[in-house]
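Engineer: One letter stands for each residue in the lines below.
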Amino acid sequence: MTMTNPPDDMLDDLFAQARRLTPVPDDALIARVLADAARPVPVRHPQPSIWAQLRGMIGGWPALGGLATATVAGIWIGIAPPPVVADYAAALLDEPVSLGLSPEEFMIAGEFSDG
Amino acid sequence: MPLARSQMMAVSDPFAHASDEDLLLAHASGDPRAAGALTQRVLPRVLAQALRMLANRAEAEDVAQDAMLRLWRIAPDWRRGEAQVSTWLYRVTANLCTDRLRKRRHVAIDTVAEPIDSAPSVAAQMQTGARLRALSDALAQLPERQAQAVALRHLEGLSNPQIAAIMDISVASVESLTARGKRALSAIMAGRKAELGYDDDEPT
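Protein chains in written order, with the working numbering: chain A, 1 to 115; chain B, 1001 to 1204.
Here chain A stands alone, though its shape is the one from the complex:
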């Protein structure tokens, strides 16, 4: 059995009033939207499994936190960041954080091992 709703004049009137809203975007909003359009898009490397492997190699996020304060932070973050890291880093560094360094090259570089 399908239930049909009894007519609700008030609700229908509210819907009609809401439908009549036709706001015009002001110049300030348009400027913000266009400024966002002009910003470079953070590039995401689709290799989360490699990232998880690297993270596992150096002991997870606490170790990464230390590395992140080093000057090589930009290169490290750019390898295969999860999207949230890319967005955070982009906001922090105010520039795209991708770098064309393959995981193989990174591991061979050998500059980030302890000791």
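Treat the hints with care, as some may be off.
[Stated by the list, open to error] Negatives, chain B to chain A, calculated, CB over 10 Å:
1) 1065
2) 1075
3) 1164
[To be verified] Pair by pair, the computed Cβ-Cβ distance ranges are:
4) 1041(B) - 20(A): 48 to 56 Å
5) 1193(B) - 40(A): 51 to 59 Å
6) 1014(B) - 27(A): 21 to 29 Å
7) 31(A) - 1029(B): 16 to 24 Å
8) 1169(B) - 13(A): 23 to 31 Å
9) 1173(B) - 43(A): 16 to 24 Å
10) 1031(B) - 12(A): 23 to 31 Å
11) 1032(B) - 26(A): 16 to 24 Å
12) 1193(B) - 35(A): 19 to 27 Å
[Said to hold, decoys possible] A few chain B residues that don't get close to chain A, going by computed Cβ distances all over 10 Å:
13) 1016
14) 1017
15) 1021
16) 1052
17) 1082
18) 1083
19) 1085
20) 1092
21) 1102
22) 1159
23) 1186
Derived from the structure by calculation, the hints contain no laboratory data. Backbone N, C-alpha and C define an ideal beta-carbon position, used for all residues, glycine too.
Fit chain B to the supplied structure of chain A, relying on the hints for placement.
Structural biologist: The following block gives chain B in isolation, referenced to the frame of chain A:
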């Protein structure tokens, strides 16, 4: 001899025959004019959708800017023919709005009406604002998918097949969600008729 108005329009709108998707792809390819043209086309609709659901101009502008930001970010990955830009924006905006409504449940309800409509008198503006805010707060109490379906149907005036595409569900599911959502809204709003200036008619 000065150009006829139609000729001037054609000269000033090189994107006249471009689809929204064409503009988005042009933007992703680096065309510096495409974002402005696409924004002109779609931002009013996005803003309207947000304002109708949220009944608050500042919140609606935040949602609209956020929806457009997500569009710019997806542009490099956009594959031609996969979806319509308008469908994608309806979905993103609906989700951003229900996110806002969910957060509103934990905040004290603002009973001061903001003038959001262009009604002539201040009193009429405030009543419209209060009414639309009440509707928005009622939507906030619904399960999110019911709120989205009801809003797309009754605030945006979309058809059930259009809503089904936006929400990625069947038409039957849309019908079920809108019926249940509208029923729930009626129940929530029933106690506020007098306060919002509606006569409390006796049922016949």
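Engineer: For every hint, state whether the structure bears it out.
Structural biologist: Hints, verified against the model:
no.	hint	result
1	1065	violated (5 Å)
2	1075	violated (7 Å)
3	1164	holds (18 Å)
4	1041(B) - 20(A): 48 to 56 Å	violated (21 Å)
5	1193(B) - 40(A): 51 to 59 Å	holds (52 Å)
6	1014(B) - 27(A): 21 to 29 Å	holds (22 Å)
7	31(A) - 1029(B): 16 to 24 Å	holds (23 Å)
8	1169(B) - 13(A): 23 to 31 Å	holds (28 Å)
9	1173(B) - 43(A): 16 to 24 Å	violated (37 Å)
10	1031(B) - 12(A): 23 to 31 Å	violated (45 Å)
11	1032(B) - 26(A): 16 to 24 Å	holds (22 Å)
12	1193(B) - 35(A): 19 to 27 Å	violated (45 Å)
13	1016	holds (20 Å)
14	1017	holds (22 Å)
15	1021	holds (16 Å)
16	1052	violated (4 Å)
17	1082	holds (17 Å)
18	1083	holds (18 Å)
19	1085	holds (14 Å)
20	1092	holds (14 Å)
21	1102	holds (19 Å)
22	1159	holds (15 Å)
23	1186	violated (5 Å)
Going through the hint list in order, the structure does not satisfy hints 1, 2, 4, 9, 10, 12, 16, 23.
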